[in-house]
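Asks: Chains as they are written, first to last, in the numbering used here: chain S, 1 to 255; chain E, 1001 to 1255; chain Y, 2001 to 2231.
Among the clues, some could well be false.
Calculated lysine-lysine pairs in the DSSO-like style (CA-CA distance at most 27 Å, straight line) [claimed, not checked]:
| no. | chain 1 | residue 1 | chain 2 | residue 2 |
| --- | --- | --- | --- | --- |
| 1 | Y | 2222 | S | 192 |
| 2 | S | 202 | Y | 2100 |
| 3 | E | 1109 | S | 202 |
| 4 | Y | 2100 | S | 192 |
| 5 | Y | 2230 | S | 71 |
| 6 | S | 36 | Y | 2099 |
| 7 | Y | 2190 | S | 192 |
| 8 | S | 71 | E | 1103 |
| 9 | S | 93 | E | 1182 |
| 10 | S | 71 | Y | 2063 |
| 11 | E | 1182 | S | 192 |
| 12 | E | 1182 | S | 71 |
| 13 | E | 1125 | Y | 2174 |
| 14 | S | 90 | E | 1182 |
| 15 | Y | 2222 | S | 71 |
| 16 | Y | 2230 | S | 192 |
| 17 | S | 36 | Y | 2063 |
| 18 | Y | 2099 | E | 1182 |
| 19 | Y | 2230 | S | 202 |
| 20 | Y | 2099 | S | 25 |
| 21 | Y | 2230 | S | 159 |
To list a few chain S residues with every Cβ distance to chain E over 10 Å, as calculated [said to hold, decoys possible]:
| no. | residue |
| --- | --- |
| 22 | 79 |
| 23 | 115 |
| 24 | 125 |
| 25 | 127 |
| 26 | 197 |
| 27 | 203 |
One side only, chain E facing chain S, incomplete, derived with CB under 7 Å [claimed, not checked]:
| no. | residue |
| --- | --- |
| 28 | 1120 |
| 29 | 1125 |
| 30 | 1133 |
Since the hints were made in silico from the structure, they are not lab data. All C-beta atoms, glycine included, are put in the ideal place defined by N, C-alpha and C.
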Amino acid sequence: MEAVKLGSATVGLKGRDYAVVVALKRASSELASYQKKIIPIDDHLGISIAGITADARVLSRYMRQECLNYKYSNDTVYPASRLIMNLGNKMQKCTQRYDRRPFGVGLLVAAYDDQGPHIYEVVPSANYFSVKAMSIGSRSQSARTYLEKHLEKFSQCTKEELIKHGLEALKGTLPNEDLLTSANISIGVVGKGENFHILDDKENQAYVDAIEKRKPGGGPDDDSGAGGSSLPSVPTPADEPGDRDPIAAVAMETH
Amino acid sequence: MFGGFDNSYSPMWHNGPKPGAFYNFPATSTSSPKDEKQRDSQPITTGSSVIAFKYDTGVVISADTLISYGKLLRYRNVDRVFKVNDHTIIGVGGEYADFQFIKKYIDQKVTEDYCYDDNLQLKPKSLFNWLTRVLYNKRCRFAPLWIDIVIGGLQDGVPFLGHVDHRGRAYEDAAIATGYGKHLALPLIREKIENQTETLNAERAVELSKSCMEVLFYRDCQSYPQYKIATCDGQGARVDGPINVAQNWEQALNV
Amino acid sequence: MLSIEDFPEYQIPGAKQVRFNPYESNGGSVVAIAGDDYAIIAADTRLSSGYSIHTRHQDKSFKLSEKTVLASTGCWCDTLSLASLIKARMQMYEHLHNKKMSTTAVAQMLSILMYNRRFFPYYVSNVLAGIDENGEGVVYSYDPIGHCERKKYSAGGTAGPLLQPVLDSQVGLKNQVGVERSPIPMERAKAIIRDTLISAAERDIYTGDGVIFNIITKDGIKQERIDLRKD
Chain S
1 MEAVKLGSAT
11 VGLKGRDYAV
21 VVALKRASSE
31 LASYQKKIIP
41 IDDHLGISIA
51 GITADARVLS
61 RYMRQECLNY
71 KYSNDTVYPA
81 SRLIMNLGNK
91 MQKCTQRYDR
101 RPFGVGLLVA
111 AYDDQGPHIY
121 EVVPSANYFS
131 VKAMSIGSRS
141 QSARTYLEKH
151 LEKFSQCTKE
161 ELIKHGLEAL
171 KGTLPNEDLL
181 TSANISIGVV
191 GKGENFHILD
201 DKENQAYVDA
211 IEKRKPGGGP
221 DDDSGAGGSS
231 LPSVPTPADE
241 PGDRDPIAAV
251 AMETH
Chain E
1001 MFGGFDNSYS
1011 PMWHNGPKPG
1021 AFYNFPATST
1031 SSPKDEKQRD
1041 SQPITTGSSV
1051 IAFKYDTGVV
1061 ISADTLISYG
1071 KLLRYRNVDR
1081 VFKVNDHTII
1091 GVGGEYADFQ
1101 FIKKYIDQKV
1111 TEDYCYDDNL
1121 QLKPKSLFNW
1131 LTRVLYNKRC
1141 RFAPLWIDIV
1151 IGGLQDGVPF
1161 LGHVDHRGRA
1171 YEDAAIATGY
1181 GKHLALPLIR
1191 EKIENQTETL
1201 NAERAVELSK
1211 SCMEVLFYRD
1221 CQSYPQYKIA
1231 TCDGQGARVD
1241 GPINVAQNWE
1251 QALNV
Chain Y
2001 MLSIEDFPEY
2011 QIPGAKQVRF
2021 NPYESNGGSV
2031 VAIAGDDYAI
2041 IAADTRLSSG
2051 YSIHTRHQDK
2061 SFKLSEKTVL
2071 ASTGCWCDTL
2081 SLASLIKARM
2091 QMYEHLHNKK
2101 MSTTAVAQML
2111 SILMYNRRFF
2121 PYYVSNVLAG
2131 IDENGEGVVY
2141 SYDPIGHCER
2151 KKYSAGGTAG
2161 PLLQPVLDSQ
2171 VGLKNQVGVE
2181 RSPIPMERAK
2191 AIIRDTLISA
2201 AERDIYTGDG
2211 VIFNIITKDG
2221 IKQERIDLRK
2231 D
C-alpha cells in the first residue's frame, strides 16, 4: 500500500465513450530519463501505474499474455471485467502466503469493450474497484478532490475535455514550483472506435497549453466544501489514510 | 550426435525424393512414421446434412434427427441442432460421439458465462473461432474430431453464420449446407437469397428451410422425415420441432 | 508402435486402412505487383474442395498492418491458423520493441514460422506485399516450408504456374529486346492483375467468383472488388 503512495500520481477517468489515463512522469535522478508510466496491454486496454515499476512490468506482461491468448482463441478482445478479475485472483495469491510479497504497485486500468468504457483501480491488496474516476500515487488526494468536484460533468465530456480534466486533476499532485510539461506527463486514451494509444509529445503539448490558458477554470483546491458531493461510486480503499500523505513529499525530494 | 542412432538398417537418406523421382509433397507417401498413433480415420456413427442460412434479421439452422451407423438408421430421435445461448445456435453433422465430446466444452463455456454473472455471453464469432482452433489442433495431432459444425447467431445484432469442418477449415457465408445438403439444398437456398424479389423474413426463411428438408428426405437415403429447426434473431434463440415431412409417394406411381 | 500393416498375414484381404489426410487443397490464386511507391495484391474469392464450392465470397487477404498485406491460398485451415499466429506474433513484437513491425520484418518472421513446421508443413502458397522501410513497394513469395524471396511481382496458388509466365512477360519484360524498362504505373499494374485473374478463371476451376484487390500506398490500404465467372 505504501509503495503506491511513493509512486508519482496518475489519474484515470471515463466519459460516455472514452476512458482516459493521465500520469505524471518522474525521473529517478537528474541524469535519468523519465520513467514509463502508461503501458499499453491490448487494443482495448492499457494501464497506468504507481508504485514499483518492476512489479508493474510483471503484471503487464501477464495481462498482455492473457489478452493475446484470449484473442487468439476467441477472435475478440478480453472483456475488461474478466481480465481484471483474473488479475485480481493472481495478485491475491501473493497476499495470503508468508513466502510471497504482494505486488507493490497500484494500477489504473483504462479499457473500452462491449460494455463501454471502464476505469478500474487495482491495489496491492489485490482488491479491484470499478470507478468513474480515480487517482492514485503521491499527493493523489488533491486530484481525487478535483475529480469528486467535477464528477457530474464527466459523463457528457468529449475525449478532449476528459483529458483536460485529467490534467487539471494531475496538476494538484505536482510538487511545489513544478509545472506540467509535455515531457513529464503521459496520456493514454481508449474509446469507441479508437484503440488504446499513448499521445505523443506534440499532442501532450497541445493539451498542456490548453490547460495553462484556462487557468481560472477551477483549478484544484482542497476546498473541503466540495467533499460533500463525494459519490459512493468512487470508493476509497478503507485502509488508505485519506488525505494524509507524508511519505510522498520525501520521495519527491529525489526528483 | 549419432550416439543414439542404433537402427543399423535405417537409410542414410530419407524423407527426400527417391533417386530418379520427384519430391512428392506432402511427404505422406514417401515414408510414413510408424510410431505415430493410429486413430479413427473415418466417422462411424454419423449425422447427415445440416442446412443453414441467414435471413433479414437472423439465422436459421435445420437438421433431421437421425444418427446412422453406416447405412443403418441407428438412432432416430437425436437432436442435431442446439441453442447454445440467447444469441448463438449450432447444427452438427459427422461423427456424433466427437460432437458430444466438444458439446461438453461448449456447455462448460456457457455455464462459466452464467457463473461470472457479468452479462457477458459467448458470441457466435467467438465460438466459431474457438472451434476452428480446437478442430485444427486436433487435426494437427492426427486425432481429428470428425464433425461438420455450423455456427449461427447474432453477433452484436448482425446475423452471423459460419462453418467449421474436421480439419479446422472455416468460412462464413450467407448460406451453408453440409453433406448432401450441399448438393441438394444449397442451390435452392442460394436461388432464394441471391435473386430476392421479396425480403426473406423469418416466416419465409422457415418455409424455405422446410422445403429444403423435404427435398433432402426424398433424395438423401440417409435422411429421416423428422427434423428440427433452430432460429436465432432479435427475439432470442429457439429450437422448434420435431417437425415431420408430409410424405407423399403418390408421384412414385407415375415414375 | 506396431500397426496392422506390420503383420500382412493377419490383414483381411480387401480391407484397407485409410490414413487420415490432414491436408486438403482449397484452391485460389494470388497475384501481386509492387511499384515504386505502392504494392497491389489481389486474390480470388472462391473457396472450394474438388468440384464443390464452399463459398464464393472468401477474402483470402489478411491485413497485417497499415503497410503489409498477406494473401494465402492452399489448405485453408493452415492459412487461417498461420494468419492468426502471425497477428499474435506481430502484437508481441509491437509490445517488445515499441514500434510497428515493418514489412521486411514480417516477411522474415513468416519465413521462420513456416520453417518451424518443416516436417508437418503449412500447405499454403503465401504472397506478402507491402511497403518497406524506404517507402518502396515490395512483394515476397514463399514456398510451403518457408523459402522466402523478395520480388517485384509474383503469382501463387492453383493458377500460379499459369500466371507467373504472364507476369514475367508483362511486368518483368523478360527476354525482350528493345523495350523500355520504366517503373510500372499503378493503373497498369491493376489492369494486368485484373486480366491475369480473369484468364485464370477461364482455365483453372479452383479460381473464380470474384477478386479482392488490396492497394497499399503510404496513405493506407484500399480494397476494391471485381467479379469473375462463377461456373
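Asks: Next pair to validate is residue 1125 of chain E with residue 2174 of chain Y; report whether the Cα-Cα distance is within 27 Å.
Replies: violated, 47 Å
Asks: Sort out whether residue 202 of chain S lies within 27 Å of residue 2230 of chain Y, counting only the CA atoms.
Replies: The hint is violated at about 52 Å.
Asks: Keeping to a limit of 27 Å between CA atoms, is the pair of residue 202 of chain S and residue 2100 of chain Y held or broken?
Replies: Distance of about 20 Å is within 27 Å: holds.
Asks: Between the alpha carbons of residue 1182 of chain E and residue 192 of chain S, is the straight-line distance 27 Å or under?
Replies: Judged against 27 Å, a Cα distance of about 40 Å means the pair is violated.
Asks: Below or equal to 27 Å on CA atoms is what counts here, so check residue 36 of chain S against residue 2063 of chain Y.
Replies: violated, 30 Å
Asks: Straight-line Cα separation of residue 1109 of chain E and residue 202 of chain S no greater than 27 Å?
Replies: violated, 46 Å
Asks: Is the Cα-Cα distance between residue 1182 of chain E and residue 71 of chain S 27 Å or less?
Replies: Not satisfied, since the Cα-Cα distance of roughly 32 Å exceeds 27 Å.
Asks: Assess, step by step, whether the Cα of residue 90 of chain S is no farther than 27 Å from the Cα of residue 1182 of chain E, and give holds or violated.
Replies: violated, 48 Å
Asks: Run the C-beta distances from residue 197 of chain S to all of chain E and say if the shortest one exceeds 10 Å.
Replies: Nearest chain E Cβ is 23 Å from residue 197 of chain S, so the label holds.
Asks: Are residue 1120 of chain E and chain S close enough, Cβ to Cβ, to be under 7 Å, as the hint says?
Replies: holds, 5 Å
Asks: Is the Cβ of residue 125 of chain S more than 10 Å away from each Cβ in chain E?
Replies: The claim stands: residue 125 of chain S keeps its Cβ more than 10 Å from every Cβ of chain E (closest is about 22 Å).
Asks: Below or equal to 27 Å on CA atoms is what counts here, so check residue 71 of chain S against residue 1103 of chain E.
Replies: Holds, at roughly 21 Å.
Violated hints for the displayed structure, listed by number in ascending order: 3, 5, 7, 9, 11, 12, 13, 14, 16, 17, 18, 19, 21, 22 and 23.
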